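S.K.: We have chain V; now place chain L with the ligand onto it with these hints.
Residue numbers (UniProt numbering), protein chains in the order written: chain V, 1 to 379; chain L, 1 to 255.
Treat the hints with care, as some may be off.
Stated by the list, open to error - Here are the simulated DMTMM-like pairs of lysine to aspartate or glutamate, each with C-alpha atoms no more than 20 Å apart in a straight line: (1) LYS96/L / GLU194/V; (2) LYS108/V / ASP211/L; (3) LYS255/L / ASP211/L.
Since the hints were derived computationally from the structure, they do not count as laboratory data.
For clarity, every value in this text was computed on a predicted model and none was experimentally measured.
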Amino acid sequence: MIRIFPSSRFTSLLSAAKPLRSFACSSSPTREPPQCASFAEKKSSPASNSLSFTPKTPLFLRPPLHATPLSEVWKWHDWAKDLASSVEDSSTNSEDSLDSVVLLRELKWLIEDSIVDDDPVIHRREIGDDCEKSVKLRASLEELYDLWRQRIEKRRPFQYVVGCEHWRDLVVCVEEGVLIPRPETELIVEMVEELVTRDEWYKKGIWADLGTGSGAIAIGVAKVLGSRGKVIATDLSPVAIAVAGNNVQRYGLQGMVEVREGSWFEPLKDVEGKLVGLVSNPPYIPSGDIPGLQAEVGRHEPKLALDGGIDGTDSLLHLCHGASRMLKRGGFFVFETNGEKQSKMIVDYMTNDLKDTFSDLRIVSDFAGIDRFVSGFRL
Amino acid sequence: MAVAALFRFPLLLRRSLPSPSSPSYVTYYRRTVLSDGFSYRLRSFLRYSSSDGGGGGGGSSGNDLGGANDTGIVVSEVQIPNYLKFSDEELMKQCKFETFRVSGPGGQHRNKRDSAVRLKHLPTGIVAQAVEDRSQHKNRASALNRLRTLLAIKVRNKVDIDAYSPPPELLQILPPKSTIRTSSSGSQIGPNNAKFVPGMQALLDVISACDGSIADSAKLLGLSTGGLSRLILSHDGLRMAVNSMRAAKGMKPLK
Ligand SMILES: C[S@@+](CC[C@H](N)C(=O)[O-])C[C@H]1O[C@@H](n2cnc3c(N)ncnc32)[C@H](O)[C@@H]1O
Chain V
1 MIRIFPSSRF TSLLSAAKPL RSFACSSSPT REPPQCASFA EKKSSPASNS LSFTPKTPLF
61 LRPPLHATPL SEVWKWHDWA KDLASSVEDS STNSEDSLDS VVLLRELKWL IEDSIVDDDP
121 VIHRREIGDD CEKSVKLRAS LEELYDLWRQ RIEKRRPFQY VVGCEHWRDL VVCVEEGVLI
181 PRPETELIVE MVEELVTRDE WYKKGIWADL GTGSGAIAIG VAKVLGSRGK VIATDLSPVA
241 IAVAGNNVQR YGLQGMVEVR EGSWFEPLKD VEGKLVGLVS NPPYIPSGDI PGLQAEVGRH
301 EPKLALDGGI DGTDSLLHLC HGASRMLKRG GFFVFETNGE KQSKMIVDYM TNDLKDTFSD
361 LRIVSDFAGI DRFVSGFRL
Chain L
1 MAVAALFRFP LLLRRSLPSP SSPSYVTYYR RTVLSDGFSY RLRSFLRYSS SDGGGGGGGS
61 SGNDLGGAND TGIVVSEVQI PNYLKFSDEE LMKQCKFETF RVSGPGGQHR NKRDSAVRLK
121 HLPTGIVAQA VEDRSQHKNR ASALNRLRTL LAIKVRNKVD IDAYSPPPEL LQILPPKSTI
181 RTSSSGSQIG PNNAKFVPGM QALLDVISAC DGSIADSAKL LGLSTGGLSR LILSHDGLRM
241 AVNSMRAAKG MKPLK
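Bound conformation, chain V alone (with noise of 0.2 Å):
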């Protein structure tokens, strides 16, 4: 019997409960099954580990304290919008400098996300003469400027700036040394969706996704595989373990997914061979290309979950042996990679150096037409 799935008696209790600000969770330095005891018990005691760590709560969840003069936060909008209108021609690279248009979309969400009133009266100001009415928002006046100025001047991530991002049907939060969850990986929740709908072996299993990060993909997986759902999400990063956490009890997951600290495979021993499925993004961006990112990327996001080494596949290949080794027969994987000659080397490889170990390669698109993913299963 493998004891991996903590059952908490407050599930059901804390489906319906606000996220909570201090979770940690993590493994014990040895290797026997990782201890993460069920974690609505941390709540109050913070984890005894070093590495514990707290996440933010992102703008959309912190409670409407900060009563505003609607006038001063309609001068806050208009120098919002301003600052966003003025960026246009900012550089000469057009894959890298702020647009306008997206600014202002992100503006409307800035304000989605800090004002409590459903309808905001920001938007219906020509309504007028209610000057004097305050509104409650979730971060002081002082700190909007502030953050928007963040996202003008340092290039801060929109998602990092309110804390969250919108990804499937579900909100994620994200932080500052956690990748923000890409719509291109949406696909691999439904890739598994498509293979659990038509087989219902696979919903009964175990499934690991391995660099979880903010957690996106495991919870993501964990619904579509319904009650019976069992996954297990790694990560190397503290941080990403507190954040995946975190997101996994918001959504009242925390029966179905196990967040587990550790390299690639290594908190996986007692799965070995037990696996029906394997799901991972893992970094596959050649180190060369770093300093030429985005800066949104390459100046905010973890190089940990970006730098795949010399041509981005190190931890890829990595991934196809350990495929061999944790998935049952019959078993499904699916890894994200940086796409075209990455996809067909990874294919390659599992078909050369792999002999016989995996059958059913393919190689997937994404929306944009993009060789993006390689799944198969193993024989």
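M.R.: Same frame as chain V, now just chain L with the ligand:
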């Protein structure tokens, strides 16, 4: 470019004039391309982005679009399926779903600037887009809703006026005054309800079969001309579709 052409709004009118570009197997309907002014207005009504968002992805010439020819017009053979009857999932299967191809490798390299999506309905070549939501997932859902509206507006089903029997989805959107409504028609469904769309399609089929005449259509639907006009004016897309139909016949627009 093909993408721009795909946004033109065709109407299939009952005539047998030869058209230089119409394939010979089209026997019943003739295609008419509406003015760009119309398509532009409708496009902005549906909040489309008219740009291709960075090239690629939309470069198809239209020749691969099954029912659409290279001007992107829906060509109807005598019987076409009523696409609105399909479930979201089934409809999705008939579509190619794309995001705008960004320059560069995408994925981890890029912090998404937006999550614009495009849904191309392969049997008709109709394209629906969405961009303004925060997740690609939701944008896809809105693109699908828009596709339904577009299918209702652009695809005309043949109606036999002489033996006309209105489908329930049409009865549902008619005002209570309509004499062809029955007790089983339920209360009137308004333009903000998703169920309005199939009714709107059936209504446009009737108006098209009546050559754009509101009076003739109203008679068929047990309504006064004013009553039908009010219904048409309650939905921007419906109003524009009717007005283009009328413009093509040299009739005055409804206001
Ligand atoms: C590209 S990110 C993907 C994050 C998340 N799965 C997603 O798709 O948004 C890669 C992740 O792998 C993690 N990682 C890097 N090296 C690792 C290792 N040796 N073992 C486990 N995880 C690792 C990083 O911390 C990062 O969270």
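S.K.: Now, for every hint given, state plainly whether the structure supports it.
M.R.: Evaluation of the provided hints:
1. A threshold of 20 Å between alpha carbons decides the hint, and for LYS96/L with GLU194/V the separation of about 17 Å falls inside it, so the pair holds.
2. Pair hint LYS108/V plus ASP211/L does not hold up; C-alpha atoms about 44 Å apart against a cutoff of 20 Å.
3. Taking the CA atoms of LYS255/L and ASP211/L, the gap is about 18 Å. The hint holds against a cut of 20 Å.
Hint compliance for this structure: hint 2 alone is broken.
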